[in-house]
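S.K.: In case you want the letters, here they are:
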Amino acid sequence: MKLLTHNMLTSKCMKGVSIGYPLAIKALDIRTVEVDFNPEFVAKMIPKIDWTVLHGAAESIGQTDLPKEVVDNYENNEEFLKKVHHVLLEVDVIDGELICPETGRKFPINNGIPNMLLNEDEV
Amino acid sequence: MSRPEHLAPPEIYYNEEEAKKYSQNSRIIDIQFQMSERAVELLVLPEDTPCYILDIGCGSGLSGSTLDDQGHFWVGMDISKAMLDIALEREIEGDLILSDMGQGCPFKAGAFDGAISISALQWLCNADKKHHNPVQRLYKFFSTLYACLSRSGRAVLQFYPENSDQMELITAQAMKAGFYGGVVVDYPNSTKAKKFFLVLMTGGNMPLPKALGTDEDSQGVTYTAKRERLKQQRGKSLKKGRNWILEKKERRRKQGKDVRPDSKYTGRKRSGRL
Chain A
1 MKLLTHNMLT
11 SKCMKGVSIG
21 YPLAIKALDI
31 RTVEVDFNPE
41 FVAKMIPKID
51 WTVLHGAAES
61 IGQTDLPKEV
71 VDNYENNEEF
81 LKKVHHVLLE
91 VDVIDGELIC
101 PETGRKFPIN
111 NGIPNMLLNE
121 DEV
Chain B
1 MSRPEHLAPP
11 EIYYNEEEAK
21 KYSQNSRIID
31 IQFQMSERAV
41 ELLVLPEDTP
51 CYILDIGCGS
61 GLSGSTLDDQ
71 GHFWVGMDIS
81 KAMLDIALER
91 EIEGDLILSD
101 MGQGCPFKAG
111 AFDGAISISA
121 LQWLCNADKK
131 HHNPVQRLYK
141 FFSTLYACLS
151 RSGRAVLQFY
161 PENSDQMELI
171 TAQAMKAGFY
181 GGVVVDYPNS
191 TKAKKFFLVL
201 MTGGNMPLPK
211 ALGTDEDSQG
221 VTYTAKRERL
231 KQQRGKSLKK
241 GRNWILEKKE
251 RRRKQGKDVR
261 PDSKYTGRKR
271 SGRL
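Chains as they are written, first to last, in the numbering used here: chain A, 1 to 123; chain B, 1 to 274.
Take every hint as true, because none was put in to throw you off.
Footprint (simulated), chain A over chain B, 3 or more residues, beta carbon under 8 Å:
no., segment
1, 44-53
2, 86-98
3, 102-114
These are computed hints drawn from the structure, not numbers from a lab.
Fair warning: this is a prediction, and the values are worked out from it, not measured in the lab.
All residues carry an ideal CB built from backbone N, CA and C; glycine is no exception.
Isolated chain A, as found in the complex (with noise of 0.2 Å):
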């Protein structure tokens, strides 16, 4: 699982659960793989993705390079681009788990794999 798409994530789709994001990662296997370099795709997604979380997700699981804040005119910062290119979509957890942060249900991530299927008394 990249963290672009634990960005996107939430466990709302649970009974009881209102906002459910954002996802807690207890991660125990990191993999880095290697992604072609797309700074237009990465640039138009900076707006789209909530920067306090994905600077949160990218500490937890040892990722210290992000700076806290988005830098202005970031569409022409290639290296911020590349950057945040690196921890969006090359870094991948192989093996952990996702915890709800209202009812601390644990969603575990297999083989890259995020499980979000729902129990029955979840829905």
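Assemble chain B onto chain A, guided by the hints.
M.R.: What follows is chain B alone, placed relative to chain A:
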């Protein structure tokens, strides 16, 4: 052909054996590929901009490959673990999530620029477990999908409806969730090539894209042409016209009555110079 959704729930039906077909059977791959290309075409994404797309029921990621080819980034969700494992084997670019579409799309608001789904929606019409209610599950799916699309984002869902009731059920729930749009039927006159695409729009009502394989002629007869044809069917000419007079004289002749012979003056108007 038997419908797979009658045999078993999706997470059971798409077992390792069935999933393998999606990486080996060239016919299945070909059909899936064509359908995903058409679905992406119907999405009408802005040109030359990489978009972030949700693939619902991504399976082995065949539809995702189409998105990759066009330079888009995508996230796939599917309920079958075996299918996702095949996707991992194929080393696809997108990220995968194991999730049931009937439980909703677990994403924050406005996350995606668009969504596609190939042959997944019809599974929602079945109640595979005791606590499943197809209407509720469809509504939950469409309402959460609506929420996770950005404004003016579209969703194109290819599906195989079993009958017209099913199609109505699906579209009714989509409209209830706030979507505009409808079903585009490609090649409606063919049994095999006929494909249903539910095109859903978020930002206002826009005309539906044109379906493939439909001729202008087969769409129906225009109003005036219909009137003409009806007249010919009745076999009578316009009253007071020359044809009508000729026909009438012919009829009376057959009845043995005394009728003036036809000439170039028959049925002609007087000049008015009288």
